[in-house]
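2 protein chains.
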Amino acid sequence: MNTSYAMTRLRQSCAENGPLCVGLDTDPSYIPPEVLRMYQSPAEAVLAYNRGIIGAVKGNAGCCKVQIAYYEAMGLDGLRVYAETLRAVREAGLPVIADIKRGDIADTAKAYARAHFSGIFEADIVTIHPFMGYDALEAFIEWPRNAGKGIFVLLRTSNPGMKDIEWQQLADGRRLVDAVGEKLAAVAAQFEPDNADAAPCAPVGAVVGCTEESDAQQLRGAYPGLFFLIPGYGAQGGTARVASVLLRKAGGTVNSSRGILTAWKKSESLCLRRSAGSLTMNDITDAAGQAAFAAKAELLAACRLSPGDTDR
Amino acid sequence: MNTSYAMTRLRQSCAENGPLCVGLDTDPSYIPPEVLRMYQSPAEAVLAYNRGIIGAVKGNAGCCKVQIAYYEAMGLDGLRVYAETLRAVREAGLPVIADIKRGDIADTAKAYARAHFSGIFEADIVTIHPFMGYDALEAFIEWPRNAGKGIFVLLRTSNPGMKDIEWQQLADGRRLVDAVGEKLAAVAAQFEPDNADAAPCAPVGAVVGCTEESDAQQLRGAYPGLFFLIPGYGAQGGTARVASVLLRKAGGTVNSSRGILTAWKKSESLCLRRSAGSLTMNDITDAAGQAAFAAKAELLAACRLSPGDTDR
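Keeping their order, the protein sequence lines are chains A and B.
Okay, so the first sequence: first residue is 1 according to my numbering, each after it adds one.
Okay, so the second sequence: first residue is 1001 according to my numbering, each after it adds one.
One chain only, chain A, in its complex shape:
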């Protein structure tokens, strides 16, 4: 059955609204205590914050990514807010990526796929750890076929430690990242293009950070057909220039979390307003909206300046 793939919708949304992925990695500590106190609980404040930001970034974001760890850390209340946040993103008409980085096998992997592709925690696309081997992907790959869902598999992450395992040199001359990438490209190729759409996109993509230009050049060149989820932009030192390399060919979406979520802290007028005790949740989410506008503009400018072909 050839349903419309969430990954194709994501790609179309990025073509319409720009390549920015707003990361709702919302820690209650991002909200000033005096604003936090206006809500029944930290979890409720986080929900209001997320809803405000989802509204404020519309038109300047291709999608949102929700990092489940911050919600797990708030217990059951936090997970209820996680579910509400996923719903709010979908209701705003944006694809939602659940950044769950699960990785397990057999019946356990099936349970994770069921948990995050259906029911209260239903997302459009999830992130997956390949460490245990390619059988860890199987349970998730049923879901694109049957329900259009998508997966991003960790390939080359944006943290310095990525050299420890992902970037290991193998005996056959490849790096581990090449072995995993080749497998992902082969899996992605098994899916028929989603012919209903102008820009078909396989429902299996890869996570590739934008922290090192030469790595970005190599991986974009090696896997022209994989859509990328691109972390590391902003807070982690990745640049729009490197992101623009990864946005070529099949394209991708560039995550920014703290750069958007805590944009208010960089506004002198809002810091003054905070000192005066009159900072509101609206001020915070407006600042997030402006930061999304600026990030989108920076990414699109880098794409125009960046050499190399693109089929976006």
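Careful, some of the hints might be misleading.
Once the Cα atoms are required to be at most 27 Å apart in a straight line, the calculated DSSO-like pairs of lysine-lysine come out as [what the hints assert, rightly or not]:
#, chain 1, residue 1, chain 2, residue 2
1, B, Lys-1058, A, Lys-266
2, B, Lys-1163, B, Lys-1058
3, A, Lys-249, A, Lys-110
4, B, Lys-1110, A, Lys-163
5, A, Lys-110, A, Lys-266
6, B, Lys-1110, B, Lys-1183
7, B, Lys-1249, B, Lys-1265
8, A, Lys-183, A, Lys-249
9, B, Lys-1110, B, Lys-1249
10, B, Lys-1249, A, Lys-265
11, A, Lys-163, A, Lys-249
12, A, Lys-183, B, Lys-1163
13, B, Lys-1058, B, Lys-1249
14, B, Lys-1183, B, Lys-1266
15, A, Lys-110, B, Lys-1266
16, A, Lys-163, B, Lys-1183
17, A, Lys-249, A, Lys-265
18, A, Lys-163, B, Lys-1266
19, A, Lys-58, A, Lys-249
20, A, Lys-183, A, Lys-110
21, B, Lys-1163, A, Lys-110
22, B, Lys-1265, A, Lys-110
23, B, Lys-1110, B, Lys-1266
Hints are computed from structural coordinates only; laboratory data are not their basis.
Please arrange chain B on chain A, whose structure you already have, making use of the hints.
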């Protein structure tokens, strides 16, 4: 601060109660529909099942491991039952391992550690993915120092796909599993022995499956000081003989999930009772208790037969 490590308590519990780890990977489908219907919801039935099994295996299990995926698949209700199950294991006086296989970096890893080492989802020990690199372990390693918590890092899992990444041959002649294992041994060595206890045990251990004897020999020989969480026994084809190899030196705990949880299905008299419509939850949990007794006996017999030294 030298608190009593959960890993040391786990090792002591295994010395007293045997090396079996009962895996509460409880899928509602393991419970016959007619028994399931006696409860308000599938999640409530799972909680009763778990509580019954925890009681029934006492004295024959060194610990319990709770696989969070099955509870996530039941939504918020499932996660409440997950929390209650962790509490029931701890109240029974057994160490509880949360099989969460999380793996992330920086603030996100800190959020996961907070989520699973404190609050409603507090466990004694958690399982961790090393794929993103050794900085993925940092946030978790603070917790043994401060609160006695422990981690098991995935090293050589029990699934056939483990050859895809974990068992890759590196350019320097080692396998990836060796690179990760050496790092874990070095991290474990940073912890002072917990002098309050007779059998000190570093709070950093490794997951090593018992599906292949030569791999078990190699890894047990290479990392004599690491305590192992040993999956694959029973349903996945691992044997007590191979497990006994991994139980030498620093020792370990051997997980069995379905072998215990669905033991009732192998009892002719219980299947007859089910046909007669009179199977009860007590019948099911009694069968689990008998299966735990048999598994413990099989593992201890294999340890007696197995050549090689042991310091247990």
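Check each numbered hint from earlier against the structure, then list the numbers of those it violates in ascending order. 1, 2, 3, 5, 7, 9, 10, 14, 17, 18 and 23
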